[in-house]
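*Asks:* Make a model of the complete structure from these sequences and hints.
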Amino acid sequence: MWVERVNLSDIAGSASILRPRSSPAQLVMTFGPTRSLRSGEITRLLRTSFPEAILFGCSTGTTVESRSLSDTNTVAVAIGFETSWARVAIERIADMSDSYRAGQAIGLELGGELLVGVLVLSDGLAVNGSALVNGLKNTLPEHVKISGGLAGDGAQFADTLVTVGDLAESGLIAAVGLYGPSLRMTHEAAGGWDEFGPVRIITRSDDSILYELDGKPALDLYETYLGDEAAALPASALLYPLKIWDPASPDDEVVRTVLSVDHARRSMKFAGDIPQGWKARLMRGSFERLIDSAAEAADCAKSQMENQSSYDGLCLIVSCVGRRLLMGQQTEEEIDVVYSSIGGSFPIVGFYSYGEILANSKTGPSGLHNQTITLTMISEVA
Amino acid sequence: MSYHPLLNRQLLKAKCDDESIDVPTLLSLVSTAYQEKDIDRKRADHANRVMADELNVTLSELALQNMRFRAAMDNMYHGLSLFDEQGRLVVCNSRFLEIYGIDGETSPIGLELPEILGRCNALSRANDLDKRLIIREHICLDRLDRTPIEQQWPDGRWVELTRTSVADGGFLDTIVDITGAHQASDKIAHLARHDHLTDLPNRVLLRERLLEIYRNRRRQQKCAILFLDLDGFKAVNDTLGHAIGDLLLVEVSRRLLSIVREMDVVARLGGDEFAIVMQHIRSRSSPQRFARRVINLLNRPFTIEGYKIHVGASVGIDIIDASEMDADQILRNADIALYQAKADGKNTARLYDPAMHAAVTARRQLEVDLSNAVLFKQFEVFYQPQIDLEAGTVSGFEALARWRHSGRGMISPTEFIPMCEENGLIEELGAQILEVACKDAMAWPACVTVSVNLSPVQFKSGNLPTIVKDVLEKIGFPGSRLELEITESAIFDRSSGIISQLSEIRKLGIRVSLDDFGTGYSSLSHIRSFPFDRIKIDQSFVRELGADAESLAIVRAVVGLCENLGIQSTAEGVETHKQLDVLQHEQCRSVQGYLFSEPVTMSETMKIISEFNTDPPKQISIRRRAA
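Chains A and B supply the protein sequences, listed in that same order. Numbered by our numbering, the letters in the first sequence go through residues 1 to 382 in order. Numbered by our numbering, the letters in the second sequence go through residues 1 to 627 in order.
Derived by calculation from the structure, the hints in this document are not laboratory data. Hints are supplied without guarantee of correctness; some may be wrong.
In the EDC-like style, the derived pairs of lysine to aspartate or glutamate whose C-alpha atoms are separated by at most 20 Å in a straight line are [what the hints assert, rightly or not]: (1) B:Lys42 x A:Glu223; (2) B:Lys15 x A:Asp71; (3) A:Lys279 x B:Glu54; (4) A:Lys243 x B:Glu54; (5) B:Lys377 x B:Glu435; (6) A:Lys279 x B:Glu61; (7) A:Lys216 x B:Glu435; (8) A:Lys216 x B:Glu61; (9) B:Lys42 x A:Asp194; (10) B:Lys37 x A:Asp194; (11) B:Lys42 x A:Asp228; (12) B:Lys42 x A:Glu195; (13) A:Lys216 x B:Asp53; (14) B:Lys37 x A:Asp292; (15) B:Lys13 x A:Asp71; (16) B:Lys37 x A:Glu253; (17) B:Lys37 x A:Glu52; (18) B:Lys42 x A:Glu288; (19) B:Lys37 x A:Asp228; (20) B:Lys42 x A:Glu229.
*Replies:* The following block contains the structure:
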């Protein structure tokens with residue numbers, strides 16, 4: 001397996017600058033600002049350079065490449081497999097309630113004997129991520145690892161898209177199935193957020209829309225906590241993610257992040273379900289603990305990959321926009337610690353998302369995550 | 001010198017192609033980093049403040065909640081104490097302090113259970129060992145079992161303790177004062193074994209006492225049981241009411257208790273029946289002597305609510321060896337002896353002997369048979385003619401009930417009538433006889449009447465006039481051909497309203513005669529109390545006519561009296577010509593007796609009527625009929 005960072009300004013001149021490889025690129029992943037991707041220019045460039053590859057990417061407010069972040073750059077990475085192969089599946093959804101079906105359709109399309117993992121990128125605003133992942137999980141066997149995320153748009157929460165082949169659209173879900181007996185995939189997620197304040201009860205909600213906590217409007221609570229920063233809602237709500245859990249199984253906690261707010265109804269839309277009757281508690285992050293947890297996740301993913309005696313590969317980072325908003329310049333440090341742990345043999349590429357997907361992991365909860373950093377390492381064994 | 005990683009990154013970002021630092025870029029990055037830190041600090045401050053406010057609200061809500069819990073706990077009926085994993089008291093309510101008598105000023109919170117129990121006043125009256133046992137039992141309660149235990153404390157209280165385990169490794173004890181419940185169950189147990197009116201032991205406790213005697217028996221130890229029944233109690237209840245009757249029973253129980261020994265038992269079995277168990281008796285005669293004392297004691301008049309009341313008592317006695325005690329048998333034997341005592345004329349005591357058993361059984365069987373005979377109308381009616389001496393004709397017949405028992409043959413009315421009276425059968429029997437007699441009399445010539453005897457008991461219900469009227473209407477028999485006979489003793493009991501009932505009967509055209517005159521009180525006032533149509537002179541006087549001058553004087557006086565008052569006189573039991581002669585000489589109006597005819601069946605009455613009435617003889621032809 002080979003992985004190469006694609007310098008988009010280079011290939012704008014000539015494809016010949018690419019190094020010759022033993023196999024053609026089969027997959028090219030691209031992450032960048034919505035505006036850059038929507039124009040289609042980048043896709044055209046990549047198509048010229050990688051005529052046989054699956055072009056696959058999504059919008060984001062912040063890209064990750066190697067050990068640095070950028071709020072303006074578009075990043076791309078080309079991947080060639082020795083013996084493994086990839087297939088793509090695409091679903092468009094009309095509205096959020098279609099998310100589960102879309103997940104099922106993708107799962108059914110990609111499912112196959114040698115399927116090792118699925119990378120899924122979804123529109124970040126129009127999709128119920130929890131339902132999408134549940135649809136996938138219910139159609140794919142448990143050993144198939146599912147990774148990916150919801151497209152982002154920085155602090156704007158205005159326009160997200162997914163690119164696949166020549167398409168660059170909102171409301172799109174694309175997934176790449178990775179197949180072959182030599183393919184190895186490990187993934188990890190880490191949060192590092194701390195709970196604080198009283199435990200609350202979700203007294204009124206409807207799917208992913210939260211109306212009331214403890215019988216009072218949820219938006220009132222967030223506005224109180226945010227103070228002046230309430231003006232930056234919904235993005236500023238990411239500073240205080242919401243941990244929720246079913247009182248009947250208090251160990252299965254999930255963290256939810258806000259996608260939008262409705263000032264008139266005093267409600268908040270989250271990136272996943274907020275079941276009524278569950279308990280909830282606000283969370284907040286300290287830089288140190290968020291960064292430490294990223295390092296732990298990296299160590300863990302790396303050790304899993306080493307156990308499988310693999311060599312070079314790719315490390316895909318999908319981290320939450322909430323972490324980016326909170327940590328500002330220091331966000332780079334969580335990428336830096338991952339880089340330090342994983343080292344040079346696994347080039348890092350990734351994006352800051354509106355929701356991280358990590359399912360069928362060996363450890364930890366499975367499904368749509370929020371406010372986490374997730375690492376997916378892909379490799380081939382000889 | 002090593003810089004902060006952030007500064008290193010900022011330097012890297014500010015580095016120009018020629019490796020020089022773009023100072024404005026660096027400063028901008030550094031400034032932004034300061035701003036971000038400021039924002040983060042302010043954000044944390046703000047969040048902490050809001051959280052503190054929220055927690056304050058929550059705290060005050062919790063305080064309110066605590067206050068409510070405290071109020072609820074302190075008003076619980078149960079005492080409650082919650083101990084932590086180390087066994088130290090963390091929470092208790094005021095009921096807990098109250099039950100244990102723990103001084104509220106020195107809080108037991110933080111103390112372990114043994115220390116708390118050691119301090120509590122409620123156990124201070126116990127001696128050391130008892131106290132240790134009570135405390136130990138409490139401390140060792142099983143927290144998983146949850147089965148309550150009961151303790152009786154030295155101050156007499158009963159408490160129930162329950163222990164439950166708590167999730168934090170501690171335990172929760174609840175304590176409740178169940179003294180009231182114990183008292184109630186004691187009371188219930190007492191009520192179940194005692195008579196509520198006199199508070200004497202009842203039949204249940206009597207039986208238990210007998211079993212106790214058996215369990216504690218010694219060799220050749222004898223005991224006696226006396227069954228006692230008041231004679232005349234029913235009359236007290238009927239005449240003075242049940243309230244007086246109840247007071248009389250209470251007084252009887254007091255008198256009985258006053259003469260028994262401490263070891264003896266007096267029980268009320270129900271109604272006017274009492275039992276006395278005498279233990280350790282020395283001779284067979286001592287219970288009998290004691291029974292006599294009882295009878296004498298109860299014969300003494302009682303004064304209840306201003307009424308002077310006389311009752312008697314019949315006593316049945318059985319004596320057995322304590323080692324052969326069979327409670328059922330001794331009770332049955334004493335009952336049989338009592339039955340015999342009553343049969344023997346009351347106000348007497350009888351000692352059980354096995355022969356009695358057969359007699360009583362036979363009598364009881366007879367009672368059952370009698371009841372069936374009344375039910376199935378198995379009585380026959382015989383008739384004895386009454387002869388009008390002036391006309392020499394049969395003026396009427398006296399109806400006499402006869403019972404032909406399948407095993408014993410004919411049974412005398414003197415035997416079965418009292419039994420019917422005692423067993424509440426007389427009203428039904430009386431109605432049956434009346435109906436048969438009236439039906440039979442329909443066959444006789446219109447000048448021939450029928451007379452039917454009445455028992456005083458038939459007046460008790462007050463229904464007699466209605467019964468008589470119904471019979472007459474049912475059969476279509478004219479009241480003028482019916483005569484009802486009552487005895488003097490019936491008139492004496494004015495309480496039954498006999499006079500008014502007789503007056504009603506008389507309005508139906510029925511004649512009323514006074515039977516067996518001379519045997520009772522022979523009171524002229526009785527004759528005056530009601531306008532009798534006939535007075536029947538008792539056969540005891542008639543029998544002596546010609547032999548005894550006194551009898552003649554009485555007969556003459558009565559006949560004369562009747563003559564003057566315009567009342568018919570009839571002499572009963574005329575058996576000889578001599579008696580008839582005397583009666584004719586004394587101008588007695590009518591006679592009946594074996595001289596003319598013994599009581600006969602209905603079919604034979606027709607012959608008698610035809611013999612006497614078709615061709616009335618000038619001189620009465622006297623003929624004795626074959627038996």
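*Asks:* Work down the list of hints and note, for each, if the structure agrees.
*Replies:* Now for the hints, and whether the structure bears them out:
For the given pair, lysine 42 of chain B sits about 15 Å from glutamate 223 of chain A by alpha-carbon distance, which is consistent with the 20 Å threshold. In summary, the hint linking lysine 15 of chain B to aspartate 71 of chain A is supported, as the alpha carbons are separated by about 19 Å, within the 20 Å threshold. With a C-alpha separation of about 17 Å, the suggested pairing of lysine 279 of chain A with glutamate 54 of chain B holds against the 20 Å cut-off. Among the hinted pairs, lysine 243 of chain A with glutamate 54 of chain B is consistent with the structure: their alpha-carbon atoms are about 18 Å apart, no more than 20 Å.
Taken as a hint, the lysine 377 of chain B and glutamate 435 of chain B pair is honoured in the structure, with Cα atoms around 11 Å apart against an allowance of 20 Å. This hinted pair checks out: lysine 279 of chain A and glutamate 61 of chain B have alpha carbons roughly 19 Å apart, not beyond 20 Å. Note on lysine 216 of chain A and glutamate 435 of chain B: the hinted pairing is violated, with a Cα-Cα distance of about 95 Å set against a maximum of 20 Å. In summary, the hint linking lysine 216 of chain A to glutamate 61 of chain B is supported, as the alpha carbons are separated by about 16 Å, within the 20 Å threshold.
Between lysine 42 of chain B and aspartate 194 of chain A, the direct Cα distance comes to roughly 18 Å. Compliance with the 20 Å bound is thereby established for this hinted pair. With a C-alpha separation of about 18 Å, the suggested pairing of lysine 37 of chain B with aspartate 194 of chain A holds against the 20 Å cut-off. In summary, the hint linking lysine 42 of chain B to aspartate 228 of chain A is supported, as the alpha carbons are separated by about 10 Å, within the 20 Å threshold. Between lysine 42 of chain B and glutamate 195 of chain A the CA atoms are separated by roughly 18 Å; this keeps the pair inside 20 Å, and the hint holds.
With a C-alpha separation of about 16 Å, the suggested pair lysine 216 of chain A and aspartate 53 of chain B falls inside the 20 Å cut-off, and the hint holds. Taken as a hint, the lysine 37 of chain B and aspartate 292 of chain A pair is honoured in the structure, with Cα atoms around 18 Å apart against an allowance of 20 Å. The straight-line distance between the Cα atoms of lysine 13 of chain B and aspartate 71 of chain A is roughly 14 Å, inside the 20 Å bound, and the hint therefore holds. For the hint pairing lysine 37 of chain B with glutamate 253 of chain A, the CA-to-CA distance comes to about 30 Å; that exceeds 20 Å, so the pair is violated.
In summary, the hint linking lysine 37 of chain B to glutamate 52 of chain A is not supported, as the alpha carbons are separated by about 47 Å, beyond the 20 Å threshold. Between lysine 42 of chain B and glutamate 288 of chain A the alpha-carbon distance is near 17 Å, which keeps this suggested pair within the 20 Å criterion. For a cut-off of 20 Å, the pair hint linking lysine 37 of chain B to aspartate 228 of chain A stands: about 16 Å separates their Cα positions. Distance check on the hinted pair: lysine 42 of chain B and glutamate 229 of chain A sit about 11 Å apart at the alpha-carbon level, within 20 Å; holds.
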